[in-house]
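Chains U and H are the protein sequences, given in the same order. Residues 1 to 405, numbered by our numbering, are exactly what the first sequence covers, in order. Residues 1 to 519, numbered by our numbering, are exactly what the second sequence covers, in order.
Simulated from the structure, these hints should not be mistaken for laboratory data. The C-beta atom is built at its ideal place from N, Cα and C for all residues, glycine as well. One should not assume that every hint holds.
To be verified - Pulled from the structure, derived: some chain H residues nowhere near chain U, Cβ distances all over 12 angstroms: (1) L88; (2) H348; (3) R375; (4) L395; (5) K407.
To be verified - Taking beta-carbon pairs under 7 angstroms as the criterion, some of the chain H residues facing chain U (in silico): (6) S440; (7) C444; (8) P446; (9) I449; (10) R453; (11) L474; (12) L487.
Claimed, not checked - The calculated lysine-lysine pairs, modelled on DSS-like cross-linking and capped at a C-alpha distance of 27 angstroms, are: (13) H/K290 <-> H/K302; (14) U/K21 <-> H/K165; (15) U/K77 <-> H/K473; (16) U/K16 <-> H/K290; (17) U/K77 <-> H/K290; (18) H/K290 <-> U/K21; (19) U/K401 <-> H/K302; (20) U/K16 <-> H/K302; (21) U/K77 <-> H/K165.
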Amino acid sequence: MDNNYPLHDIDYGTPKSVSEKTVTLEIDGFEVTVPQGTSLMRAAVVAGTQIPKLCATDSLEPFGSCRLCLVEIEGRKGFPASCTTPAEAGMVVRTQTPHLAELRRGVMELYISDHPLDCLTCAANGDCELQDMAGVVGLRDVRYGYQGLNHLKDQADTSNPYFTYDPSKCIVCNRCVRACEETQGTFALTISGRGFESRVSASESQPFMDSECVSCGACVNVCPTATLMEKTVIEAGQPDHSVLTTCAYCGVGCGFKADMKGSEVVRMTPWKDGKANEGHACIKGRFAWGYATHKDRILKPMIRKHITDPWQEVSWETAINHAASEFRRIQAESGVDSIGGITSSRCTNEESYLVQKLVRAAFRNNNVDTCARVCHSPTGYGLGQTYGTSAGTQTFKSVEKPTSS
Amino acid sequence: MSVKIYVPRDSAALAVGADEVAQAIEQQATARGIAIDLVRNSSRGLLWLEPLVEVAVGGQRLAYGPVTPEAVESLFEAGFLTGKTHPLAVGPIEAHPYLKNQERLTFVRAGITDPLSLEDYQAHEGFAGLRAALALSPADIVQQILDSGLRGRGGAGFPAGIKWKTVLQTNADQKYVVVNADEGDSGTFADRMVMEGDPFMLIEGMIIAGIAVGATRGYVYIRSEYPDAIFVMEEAVRRATTGGFLGKNILGSGKAFHIVIRKAAGSYVCGEETALLESLEGKRGIVRAKPPLPAIVGLFGKPTVINNVLTLAAAPYILSHGPKVYADFGMGRSRGTLPFQLAGNIRHGGLVEKAFGVTARQLIEDFGGGTESGRPLRAVQIGGPLGAYLPDSLLDTPMDYEALAAKGGVLGHGGLVVFDDTVDMAEQARYAMEFCAIESCGKCTPCRIGSTRGEEVIQHIQAKPAEAGAHAKLLRDLCSTMVNGSLCAMGSMTPYPVLSALDHFPEDFNLTAETHKAA
Numbered sequence: 001m002d003n004n005y006p007l008h009d010i011d012y013g014t015p016k017s018v019s020e021k022t023v024t025l026e027i028d029g030f031e032v033t034v035p036q037g038t039s040l041m042r043a044a045v046v047a048g049t050q051i052p053k054l055c056a057t058d059s060l061e062p063f064g065s066c067r068l069c070l071v072e073i074e075g076r077k078g079f080p081a082s083c084t085t086p087a088e089a090g091m092v093v094r095t096q097t098p099h100l101a102e103l104r105r106g107v108m109e110l111y112i113s114d115h116p117l118d119c120l121t122c123a124a125n126g127d128c129e130l131q132d133m134a135g136v137v138g139l140r141d142v143r144y145g146y147q148g149l150n151h152l153k154d155q156a157d158t159s160n161p162y163f164t165y166d167p168s169k170c171i172v173c174n175r176c177v178r179a180c181e182e183t184q185g186t187f188a189l190t191i192s193g194r195g196f197e198s199r200v201s202a203s204e205s206q207p208f209m210d211s212e213c214v215s216c217g218a219c220v221n222v223c224p225t226a227t228l229m230e231k232t233v234i235e236a237g238q239p240d241h242s243v244l245t246t247c248a249y250c251g252v253g254c255g256f257k258a259d260m261k262g263s264e265v266v267r268m269t270p271w272k273d274g275k276a277n278e279g280h281a282c283i284k285g286r287f288a289w290g291y292a293t294h295k296d297r298i299l300k301p302m303i304r305k306h307i308t309d310p311w312q313e314v315s316w317e318t319a320i321n322h323a324a325s326e327f328r329r330i331q332a333e334s335g336v337d338s339i340g341g342i343t344s345s346r347c348t349n350e351e352s353y354l355v356q357k358l359v360r361a362a363f364r365n366n367n368v369d370t371c372a373r374v375c376h377s378p379t380g381y382g383l384g385q386t387y388g389t390s391a392g393t394q395t396f397k398s399v400e401k402p403t404s405s
Numbered sequence: 001m002s003v004k005i006y007v008p009r010d011s012a013a014l015a016v017g018a019d020e021v022a023q024a025i026e027q028q029a030t031a032r033g034i035a036i037d038l039v040r041n042s043s044r045g046l047l048w049l050e051p052l053v054e055v056a057v058g059g060q061r062l063a064y065g066p067v068t069p070e071a072v073e074s075l076f077e078a079g080f081l082t083g084k085t086h087p088l089a090v091g092p093i094e095a096h097p098y099l100k101n102q103e104r105l106t107f108v109r110a111g112i113t114d115p116l117s118l119e120d121y122q123a124h125e126g127f128a129g130l131r132a133a134l135a136l137s138p139a140d141i142v143q144q145i146l147d148s149g150l151r152g153r154g155g156a157g158f159p160a161g162i163k164w165k166t167v168l169q170t171n172a173d174q175k176y177v178v179v180n181a182d183e184g185d186s187g188t189f190a191d192r193m194v195m196e197g198d199p200f201m202l203i204e205g206m207i208i209a210g211i212a213v214g215a216t217r218g219y220v221y222i223r224s225e226y227p228d229a230i231f232v233m234e235e236a237v238r239r240a241t242t243g244g245f246l247g248k249n250i251l252g253s254g255k256a257f258h259i260v261i262r263k264a265a266g267s268y269v270c271g272e273e274t275a276l277l278e279s280l281e282g283k284r285g286i287v288r289a290k291p292p293l294p295a296i297v298g299l300f301g302k303p304t305v306i307n308n309v310l311t312l313a314a315a316p317y318i319l320s321h322g323p324k325v326y327a328d329f330g331m332g333r334s335r336g337t338l339p340f341q342l343a344g345n346i347r348h349g350g351l352v353e354k355a356f357g358v359t360a361r362q363l364i365e366d367f368g369g370g371t372e373s374g375r376p377l378r379a380v381q382i383g384g385p386l387g388a389y390l391p392d393s394l395l396d397t398p399m400d401y402e403a404l405a406a407k408g409g410v411l412g413h414g415g416l417v418v419f420d421d422t423v424d425m426a427e428q429a430r431y432a433m434e435f436c437a438i439e440s441c442g443k444c445t446p447c448r449i450g451s452t453r454g455e456e457v458i459q460h461i462q463a464k465p466a467e468a469g470a471h472a473k474l475l476r477d478l479c480s481t482m483v484n485g486s487l488c489a490m491g492s493m494t495p496y497p498v499l500s501a502l503d504h505f506p507e508d509f510n511l512t513a514e515t516h517k518a519a
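All chains should be modelled from the sequences, with the hints used to inform the complete structure.
This is the structure in structure tokens:
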């Protein structure tokens, strides 16, 4: 399949820095040049190495809470977090030393002292960053035992129809809270309690379904463990491959990865490089794709002569010929202007263009419009005034950083 | 002419009945037909003598204390209004060795003036520093702070002048001065005494900082448990504004500075500067990762001077007397004076402002008079709940940031809490971890989980002597993770009291010489 795409993207840890100035530094003996403002963590990925991390992911601003990504910098005291430390020219950075290894194991030992040891039956098995990191840092023993204070008996919230929240698996990395804030802008999630009692809370510690959550799934997307998990994955297991596609729900054109098991979709995740969505999704594209295999889905063309007649399955040729001849008949009886076309807001620009072409060239009139006239007239007006056309024809990035040409 | 009587309104005095004493004095005076002028001054910091009543007689202030409402009648009978003797008589207060042997630069007016009197303040050098600053360029003010050697008094000891310089050199449409008055360290009260006792000094220091760096707005983030300080500061800001010292045109200079008083959210970690800024912005008080430094991206994302109360309170003196006079006090890289606060099991608890270099023993024995219980001293915790415990053998260490650090200690905010030989140091270590567990903001893993595990491990050591050695090793490893891995000082310094207790008092942790060495 041409659209096959890696199941897991490279995670640079922190967002890309845009700067004309670059800095050159040394990481683990390798020289690397990155735009000014780039984190050491990202620079390390560019240099070809990976610094252990849990709270960082490249769709979110650095936070500096997990303390796995600590590094050593020559001439500097202590162990700065590579996610929050910008690369500077001439820096000499070490990401792997005996002291760092000890520190990372120490942090991981703390994490695992409050985490259920059910990896084999866990829904995130095979796609869990905590599991990966425990392996990476070489944790072999949890000397604290498992009798201390813990959250292992915290009850899962299954109120949301699309995903579950299991606080017993939460490592309080805050990624979900930050995604709700930075990616989605809904601010439905926060951390309630302080210290050891810190827990992710939907609105005011409500079930997700009763909270302000809009089920966009951004939090589920960034969760490094099984804490926030798609119900479809819990049911089906991890996908085996991924296919790049465009969301069919509306005309925005969001890029998606359809995570597949064989020919069945297991989950739809927003594509980081999608020009219209940049790794984000709405509830419909992310979760409401049950139509893909729904029994009511119409897979073959059908026609009927009269509204009271039953539908008849026919070939495409018959269907198209029927439609064309009926259009012609109506025009012959009632005039050229008696028919027209309205495109759905689910149509892409290209599809809308084709419909107007059909109307003007084949219907020979100008009776064409889009339903966005109603629900999106202010947007259309604004776009028209600003860009000369009321269609969204630009990527977000090009609007953020316009160039005159 | 009426007699001037002083009864402190400092909350340490109020806590032991100063209001009732003041009321009794007024009643007695009225009943006896004597005209008195009752001034509610601030405490001089001799806390074991509170409520300390002073009478102005013959150009000096004669003190009596601790006065109870019941004792007031006998004071009148004895003739205290004319300075007659009485069992509670302390004598001329300024000659008291506790005060006479101090070097008060910041607490120079403490207890002398009416805290809310602008006239009183100006009669005692008040606003001289501001007037000097207004005649200088911003860069010159910053240079004076740099030359004074003033370091942050909140605990970290970062040079204040460098912080100010960074804010001055960062361009922005708005800059801020934020005062960290979330004084949460156990056994400390110097910030509170400044705010309740000499609020205009803090206001003056803020204005100087504002002019120096180009900030026009200041916030004072005051611990919610300090209602009196909040009240006094709010009133002082009102009076300073009316008096033309605050507002759009400070003393006709054309420069503006406004101050807002904010009640803190009741969290120890909000005394950490970045968590404080989050809280001031109305968010959850959790620590921000640095960089960016608050001096560049601070309150509401703008360049911000954030200093402790005592740091800013030192600025007026430095500006009015010149940086050299200030820097002549102290030792090494610790210049000037530090208001030490003596607390815990100590006979004469209170505030002792001394130049850096004084030893803990001098503070505890010469000023503090030893333990309150009279039993031998066993340990002193210096620098708040995250400070190390020093055994008697280290008490001759000079109080200087570097000298103390060399002995594994921290000066912090200058608090000393004394313990006698009945203290269980394993219990103190356990408490340090418990404190961290209660106060952790929950952001970084070493502090969030580590503090809880730390308490559990120490409980194991306490409960199972046979396994103490292995658990002590685990405790040390945990402390190493917390020291080197935590995001802020809360997690990285909690091991100080724990490890110092373990190092100096292994016998309290069920450790033998052998198991102690192995751990």
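Comparing the hints with the structure gives:
1. At the 12 angstroms boundary, the C-beta of H/L88 stays outside the reach of chain U, the nearest C-beta of that chain being 46 angstroms off.
2. Look at H/H348: its CB is around 36 angstroms from the nearest CB on chain U, clear of 12 angstroms, so calling it non-interface holds up.
3. Separation of H/R375 from chain U is adequate, the least Cβ-Cβ distance of about 35 angstroms exceeding the 12 angstroms criterion.
4. The beta carbon of H/L395 is kept farther than 12 angstroms from every beta carbon of chain U, the shortest such distance being approximately 28 angstroms.
5. No beta-carbon of chain U is positioned within 12 angstroms of the beta-carbon of H/K407; the least distance is around 19 angstroms.
6. Hint status for H/S440 relative to chain U: holds, with the closest Cβ pair at about 4 angstroms, below 7 angstroms.
7. A distance limit of 7 angstroms between C-beta atoms decides the matter here; for H/C444 the minimum to chain U is near 5 angstroms, and the interface restraint holds.
8. For H/P446, the suggested interface contact is upheld, since its CB lies about 6 angstroms from the closest CB of chain U, less than 7 angstroms.
9. Interface restraint check for H/I449: the shortest CB-CB distance to chain U comes to about 4 angstroms, inside 7 angstroms, so the restraint holds.
10. Proximity of H/R453 to chain U holds as hinted, the smallest CB-CB distance being about 5 angstroms (cut-off 7 angstroms).
11. Given hint, H/L474 at the interface with chain U, holds; its Cβ is 5 angstroms from that chain's nearest Cβ, closer than 7 angstroms.
12. Look at H/L487: its Cβ gets to within about 6 angstroms of chain U, closer than 7 angstroms, so that hint holds up.
13. Restraint check: the Cα-Cα separation between H/K290 and H/K302 comes to about 15 angstroms, which is no more than 27 angstroms; the hinted pair holds.
14. Under the criterion of a C-alpha separation no larger than 27 angstroms, the hint pairing U/K21 with H/K165 is consistent with the structure, at around 26 angstroms.
15. Proximity of U/K77 to H/K473 is assessed by CA-CA distance (about 25 angstroms); at most 27 angstroms being required, the pair is judged to hold.
16. Taken as a hint, the U/K16 and H/K290 pair is honoured in the structure, with Cα atoms around 19 angstroms apart against an allowance of 27 angstroms.
17. Distance restraint check for U/K77 and H/K290: the Cα-Cα separation of roughly 14 angstroms lies within the 27 angstroms cut-off, and the hinted pair is therefore satisfied.
18. Between H/K290 and U/K21 the alpha-carbon distance is near 22 angstroms, which keeps this suggested pair within the 27 angstroms criterion.
19. The straight-line distance between the Cα atoms of U/K401 and H/K302 is roughly 24 angstroms, inside the 27 angstroms bound, and the hint therefore holds.
20. Proposed proximity of U/K16 and H/K302 is supported: the alpha carbons are some 23 angstroms apart, at most 27 angstroms.
21. Taking the CA atoms of U/K77 and H/K165, the gap is about 23 angstroms. The hint holds against a cut of 27 angstroms.
Of the numbered hints stated above, none is contradicted by the structure.
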